[in-house]
Every structure is written in C-alpha cells, then in structure tokens.
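Based on these hints, arrange chain B on the given structure of chain A.
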Amino acid sequence: MDRDDLSKKRLLFNLAALIDLGEEITSDKDFKGVIKSSLYLIMGTLSASRGAILEYEGGRLQFLASKGLEGEERAIDLLPEELTFLRSHNQPFLFESSSLFLEGRQKWEALLPVLVAPMIVKKEFIGLITIGKRFTGEAYTQEDMDILSVMAKHIGTGIYNHNLLLSLSQKVEENRRLYTELQLVYYDTIQALAAAIDAKDDYTKGHSRRVARYCVALAEELGLSREEIEAIRIAGFLHDVGKIAIDRSIINKPSKPTKEERMELNQHPLISYEILSKVRFPWKEIPLSVRYHHERVDGKGYPDRLTGDKIPLLAKIMAVADAFDAMTTDRPYRKRLSIDEVFREFEREMGKQFDPRVAEVLLRRLKKELAGEVKERRLLMDEGMEEGPSLRRLYLRRIN
Amino acid sequence: MDRSFVVIKEIGDCGIIYANGYLNGLGAERLEEECEQLLREGIKKIVVNFKKTELINSIGISVLIGIIEKVRSAGGHLGFCNLEKVHAETFEMLGFTKYVPIFPSEEEALISMEKRPPYRGRASRKEGSDG
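Protein sequence lines, in the order shown, are assigned to chains A and B. Numbered by my numbering, the letters in the first sequence go through residues 73 to 472 in order. Numbered by my numbering, the letters in the second sequence go through residues 105 to 235 in order.
Chain A stretches covered by chain B per the calculated footprint, using a threshold of three residues with CB under 8 angstroms from any CB of chain B:
(1) 78-88
(2) 115-121
(3) 199-212
It is worth saying that the hints were derived from the structure and are not from the lab. Every residue, glycine too, gets a C-beta built ideally from N, C-alpha and C.
With the rest of the complex left out, here is chain A (with noise of 0.2 angstroms):
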C-alpha cells in the first residue's frame, strides 16, 4: 500500500469506529459493558495497548473500565486545581505537557497517560479517559486527537444520559414511597381524628370506624368503585365530625334529648359539613355525603330535608349504616335491638326512612353472614371483638 492508500485505510478504518462507537453507546446493553466495549474501541482505533475511562464522582475519579493496567484500580483523588484544570479542558491534551501533574504524578502512575481527554456535557466535568502509550511505541498524531476528542464527547454524553436516566428513576421510586408514606399518614391522621371524635361520645365508642367499615362492605354489594368506595371509606369515618362543636352533656345525656338540645344535636351534619368542606380531599363527595347522612327518602330528615333522589347514594349508604350501628348498640335510653327487631325496622323504614335498594343489601348481606356464607363478616363481628354486634350475643337474643 502507498501513503494514500494507506491515509485512505485510515480514515475508513476510524469512521468504521466512529458508527461502532454510535451503535454501542445507543445500544440496549448494560451500562458497563457499553463503556467497556467503548474503551476498547478507542484503544483499537488508536493502537494503545493501556487506556482507561474515569468517572468523577463526589470528588474522586472512579475506574468505569480500563484496559492493560499493571496494578491495582484505586479511585484518584482529584485536587480543587486539578478539577479546575480538567473542567476547563474540553479536548484531549499530552498528560506530560501539563506541569500540573508533576507533582502528586504518583496517583496517575497506575494509569501510565499519554493521552487524556476529559469528558464534558453541558459545562458539567463528566470523567477521564486516559490512554497510555502506543504499542508500537509511536507518538500520537493531531489526527489521533481529534478522533479521541469526538468518541470522548460521545461517550461522556452517554455516561450523562445514563446517570441522568438513574437519577430520575431513583426519583420515581423515591415519590412512590413519598405517596405511599403520606397516604399510610393521611389514613392515620382520619384514623385519629374519628377516635377523637368518638372520644366524646361515652356510648358510641368506635362508632366512626364501625360506620367506615359498614360502608364499605354495603358501597362494595352495591358494585360501586375503588374510588367511591375509597371515598365512603373516609366519609364514614369523618361522618360526625361535626360533634366535636356540640356540648357533651347533651351527647352523654342517659335520657331522652329535649326539644332544644334534639335542635342542637341536629346540627352536627352541618357542622361536620362545614369542617369537612375545607378540606381539598382528592374525592369531591364527602362532605356533601356527611352533610345529607340523616337525610331521609321521605323527605322527613335533616338537616336539609331533602327527598328520594335528590340525596346522594353515598348519603343514602352512610344513613344505613350509621343507623344499623346505632340499632346494633346499647344507647344511653335504650338496649340494643335482637337481630330480628334489625330486619323488622329495616324492613319497616324502605322507602320511608332508607333508601329501599341500600336497605336490601343490607339485609341481603346480613342473612348471608347469618348463615355463615361469607368469607369474611363486614357487618356481624366475630365474638371477642369489643366493637360491633356479636353475632353469638345476636343470636341468642334472636333464639330467646
């Protein structure tokens, strides 16, 4: 081969490197077999029998791959001036040139540099690639620079998009555990809030969380989904609220309330309505579903005596509810209903005081977890439980 011959293999032979560079960099495989493959490319290009990419991190340059190396792969610590100097070299230099390196040249000896291309992107000091002697011993040429000074940029490019892309997903993973963090908190937090709640009232003591738990079991019959479902699930547990601003001799009374004080127990779904309203909830029905929770079909509730469908449906389930846990506890003026006295006012109030298609489910679901048909009891607690209807206690109270 000629001179020209031989300069016009040259140049094929490094553009061939060049699209095999492009290929592995955009390249599917893992991260560190991408970096080695390209390290061995510039070596191959250039005929160096070392070489080595760098990447800085946090104040030291650490060995992403290398090549030849005689002796261990120890992390270099870079000094402020050397990191300056670097930063403000985007193209490759002769290592010996750079009276920089003279002193401390030890943490460089393992690397052996002649050549040393920082790597650049968006002003950010990416990493190092060095490369050590040809191996046949020859001084590399500016042709030889410029062909590291293009696959240094790919390759620091590559390096960034690659921590870019991990850092977002980190970031990803860090706000799914953040959300998931806050929902358990948000659950707690109105988990807190219905025992206050129900702190006040000496009879009803976990009402809240039993009305949470009937509404969802009726939402769930009912066919409703995740997110009314997840909705009643808060509105049961926040449902009387408001009774935190009535007088608590008026809630503990042992007798039967008086005109005046029936008015003011009456205000605590507007109350409840008032509080809950200001609050943003990602589900926009609750407090209008606590507001109308002792609304009636017939139009003879409060507070807004509303009438069939002009009440909400998750109102319409909350009024089950909380009136099959008010029937299925002991009041201060009366005991708890048998289970019969339960499906006879059910089946008494369709239509007057229920909404007829809730009440169904309701009695549906109770006969099925009367006969044992259920995997799980939502409505009839098991015995033992200290909240809730005993279903032996009911039972007994049926038989007798």
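The following block gives chain B in isolation, referenced to the frame of chain A:
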C-alpha cells in the same frame, strides 16, 4: 452482538488459537484469555489463525494488541496466519506487521515457529506454573 468462537489446538510446543467469527464485541476477549492461559501453561509459541474470521473492528484490534503485549512480555513468539487481504492491510496500516510475522498458512507458521528457540519448559497444566 458477540459471534466469536475461539478454538484452541496444541501442536508440539506451539498453541494455535482459531479466531473464528466476528471479532467486534466483548466476546473477542476470549482470544486474549485463551492466550493468557496458554502462556500460564508454559506454551510460549502462539499462532493465531484467522481463516474463519469474518470481521475485525477496533474492539478486535484492541484484543489483538493485548495478545501482542502479553506474548511480548512473556518472552514468547507470536505469529498470525491465513489472513484475508483486507485484514492483512489493516494490520499493516496499524503496524502489527513490524511486531508479528504473518504467514500465508498454518503449516508455514508452524515451520517458522519450530525454528524459534525451544520453549523454556512446561511443568504441568496447572494455572500459574509457567515453568
């Protein structure tokens, strides 16, 4: 894509490495590993046969440089044979030919290797015992 497959054969005191397939990915590193293994076993005359080599890119070249360096520092002898014209020209351009003799055939490479000073002994095939 790694489509290289390396085969080793030993004839007398000479090891032959067949660099078959594509020397264009990290899979080509096996060539260098096999060479190191031969050197460890005390076989210091090594011939690389390129008869079934489809393609050599810069990654393959860096691996071949690794082999040249390793045989050189072990004081061994290296030869290449059965090179296609295109590869022979690449090697010439890169200056390989100044360091590694290139033979038209494996036989000629082996004859040449025989004339080289004998190997310095091969105690066993165990790793690390290079005689």
